[in-house]
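So the sequences go chain by chain: C and H.
The numbering of the first sequence is numbering that gives the first Met the number 0, which starts it at 0 and goes up by one.
The numbering of the second sequence is numbering that gives the first Met the number 0, which starts it at 0 and goes up by one.
Hint data in this document are derived by calculation from the structure and do not stem from the laboratory.
All C-beta atoms, glycine included, are put in the ideal place defined by N, C-alpha and C.
What you were told as hints is all true, and nothing was included just to trick you.
What follows is a list of derived Cβ distance ranges for each label pair:
1) Gln280(C) - Lys339(H): 26 to 34 angstroms
2) Lys339(H) - Ala36(C): 27 to 35 angstroms
3) Val145(H) - Val283(C): 35 to 43 angstroms
4) Ile285(C) - Leu239(H): 32 to 40 angstroms
5) Val15(C) - Ala232(H): 52 to 60 angstroms
6) Ala360(C) - Val145(H): 54 to 62 angstroms
7) Ile234(C) - Ser60(H): 24 to 32 angstroms
8) Phe244(H) - Gly22(C): 49 to 57 angstroms
9) Ala114(H) - Arg182(C): 15 to 23 angstroms
10) Ala298(C) - Leu268(H): 53 to 61 angstroms
11) Ala232(H) - Gln280(C): 21 to 29 angstroms
12) Arg176(H) - Ala360(C): 40 to 48 angstroms
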Amino acid sequence: MAVVTGSKRRRRIERVGLYLGLGAFGAIMLFPFLVVAFGSLKESSDIFRFPPRLLPFSQDTVEIDGEEQGLYVIEGEERVLLETIAVGIYAPPDALEDTVQVPTADVERRGGFVDTETVVIDGEEEPLYDVEVDGEVVAMVERGTTTSGRFAAVDDLDDVVGANVRLAEQVDSVAPQTENFRRVTELQNLDRSLTNTLLVTLLVVGGTVLTSILGGYAFARIEFPGRDALFLVYIGSIMVPFVILIVPLYQLMVALGWVNSLASLVFPFVFNAYGTFLIRQFFVSIPKDLEEAAVIDGASRWTVLWRIFVPLSTPAIATLSTFMFLYAWNSFIWPFIVISAGNFDNHVLTVSLQQLGGRAADSPNLILAGVMIAIAVPVTVFVLAQRYFVENVATSGIK
Amino acid sequence: MTTLSLPRMRPPRLLSASAWLQALLGWRVLHTLAVGAGLWWSLTSAALEGPGRIAAVAAASVVLLLDLGAVAGLAMRRSFGRSLSLAADYLTFVGAILVLFQRNDVFRGLDALGATFVRGVPFGVVAILAWVVTGWGEQRGTLTQVRRIARYVAYAAVAGLLLAVGLLPGLATFLARTATPEGLLLLVVAVVSGYLAWRTFQSDVAEQLEVSNQTTRTLDGLLFASPNLLGFAAFFAGPLIFSLFVSLTEWDAFGDAEFIGLANYTQILALNVGIASAGQSASEVLAPGYFEWFSVGNVVVGAQDVLFWRSIRNIVVFTLFALPLSTIPALFLATLLNSKAPGIKVFRAIYFVPSIAGVVAVALIWRQLFDSTIGWLNYLISLTVSGLNNLPGVAITDPRIQWLSDADIALFSLVIVFSWMFIGYNAVLFLAGLQGVDNTLYEAAMLDGANRWQRFRNITLPALRPTTFFVVASTGILTLQLFGENVVLFPTTTPIGAGPQNSTLTPVVYLYEQGFRRFAFGYASAVAWVLFVLIFFFTLVQFRRQREQAEG
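Throw the hints in and build the complete structure from the sequences for me.
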């Protein structure tokens, strides 16, 4: 009995270790997505804040005399900022540690603005200021500046305290800025990019599935001399990296007048060797007697293909569709080359986002909102069709 | 399942099979003459130039050869005459339709569809739902009434979709554009050759010529494969050959291509090594036309195209780091995932997500994390550092890494982005391999007392060899073509994507710069072929290694 319980405990420890490992890795994979998801809901002052916070915060406000005023916490009390005052930090030249803070408006340069008296500190010439300390005017040098604020209590505006604005703590609460998504679509014609991407993706998926079914059937079921050699050559094109085709394919698009057109994103990509391969492999596995019965009944090849093979092949077709969906939705290098930067009407999402990243560097919250839009669709499809995604990866591995 | 209604309306059979063959021979002769004239025109016309002329001449020659063979075959009443005739008519049919569409801007019409497409989406959703209901009813075999209604709803939704996206105005434009002499001629050619091909394809014509079963099968097979084969020729094989030709020319966007042999390749690849003695600068020891690429001690290596060699150096360094980082952790992750513990599929899904998010989105995500002042990465490093500094005897300064603007770091930032994106994907690949490993091997090894590491080393790794080859080769092909991450993370450098001081200049970034910023198409093509050879050798080496290991 002792042995059994021992192995049970060991197993439990192993399982905890397993989840720890998986969880740590999952955190690495998931954390950037959380940053994006929450970042896309932040307002711009929040996203530039240091240290960064994960959740989207914005400052609470209170209405005073019909105006919204931001709330701060000063010494445990909620207050609003009435006005800010520029404050200088001054010290006598012979005792640089003895600083005082005085509003810069109350201080004048000794000797006037033109002939300011100076003193040399650490080899640098510094102007001297007349600073009043305890009713006495002392000559001092400026060591720095800061911003002070007059903060009033919410219920009694005459109850005012001074505090450093930079160190004042804001009263924040979680407030997702959903209008970021609307703003980003206006920023870069992203709504048009989205429909273009959807159109291109659907056409590429549909076209590839259609040609792959036809080609897959020919290579799987119609025996003719030279078929296998032809198939091998066709499949060999998978091994050729796309970069080699960029220049000549671009020339072809120029010759056809398809540069800058969605046509250039669709038609070159609906003839896909990988798709033909995938469908062929599935068709080969379908038992022959199924179709022989139909052929005896006088069915043509066309009928056999659409009435028998296609209905049986939904898993393979779904796998191919998800693969092509991802490929078309995420393809970047070709649209980037063939659709010019200024042609907003024919942009696809990847190109728009890249440009947005280059231009709107001052509003990362909007860029992240664009990213969320771009990944929302593939992630949704992934959640719905996870089985086929994974199957797709598995089949490409077996190849 | 859907019942795909086949075209029931068959064209009329105007003539009996034997009379048809006579008529076909006459038509073939006419067709041959027309195609011959077309070939002559495409050889001499000033309207065509460059690749357009080559393509036209090639197409006309192919059809002319088919025609000549068909005339001979039909005259001798041999079956190959029918086959060749079919091929010629089919190609004429497809060609005429494509030219008509291209001329009427049907393909470019997709751009207009991009604007109206959104109006059709609700109809599309309804159509899909109705289609699902039809299929669902079919499986149950009951509820025929519901199925019938659903089918009508689906038809109506498809019609609504077509109307909503502007089918009618599009059709009107198409007809208006066709109603010109040229358009009508193309339409007539398409209809006539389409009918001819269909009629010749019928079995009574085949019987007249005693066509063998094998020939029928060949024709069937080629017909079914023809979309793929034509697309392959037009968008793969043709451009590939053309690219090889372009790489032997000096060609910019505005002038004619000038044949210069291998000059592009020699300029790209030329290296020169010199030994610098004391006080000599690098340029003094190199042959004229060469610039310093790098130097080791007093040995100076120079290249004519320093930027290209810089890109090679970068991509080799990148691959050396990114390849192990995105495969080795993936293998261990896969061994973790290969368990029956509950919830494992959730983890698998999470790991997979970065690879489906797409290069641009992933790079933008990481740009946010990499920000040197407000980014999370530096913040977490700061936290760790200050946490460590609380320990006695530890004093680390916060590195404040400039992830994207430090020339020594930028390439490694790309390594992080790439590895993060593909670890999960590779893990799922490895997992598929692991699940194929025979479990009895492990059981036997456990009986022999092999520990976990020994089992991994002696069973898992050898069994995974084909998967490992596939993972390493496909990841390597991706790393060697690195481009998107660069362009998104360094959109403002020149060349675009080259990063600080060209530290992330990769071959594809360089190719883009040469081809599409400087419009040196010949030179860019040559760069592409050099890169292709590099990728090919990489794959070959992996393949050989896998085979040797499998044999040894």
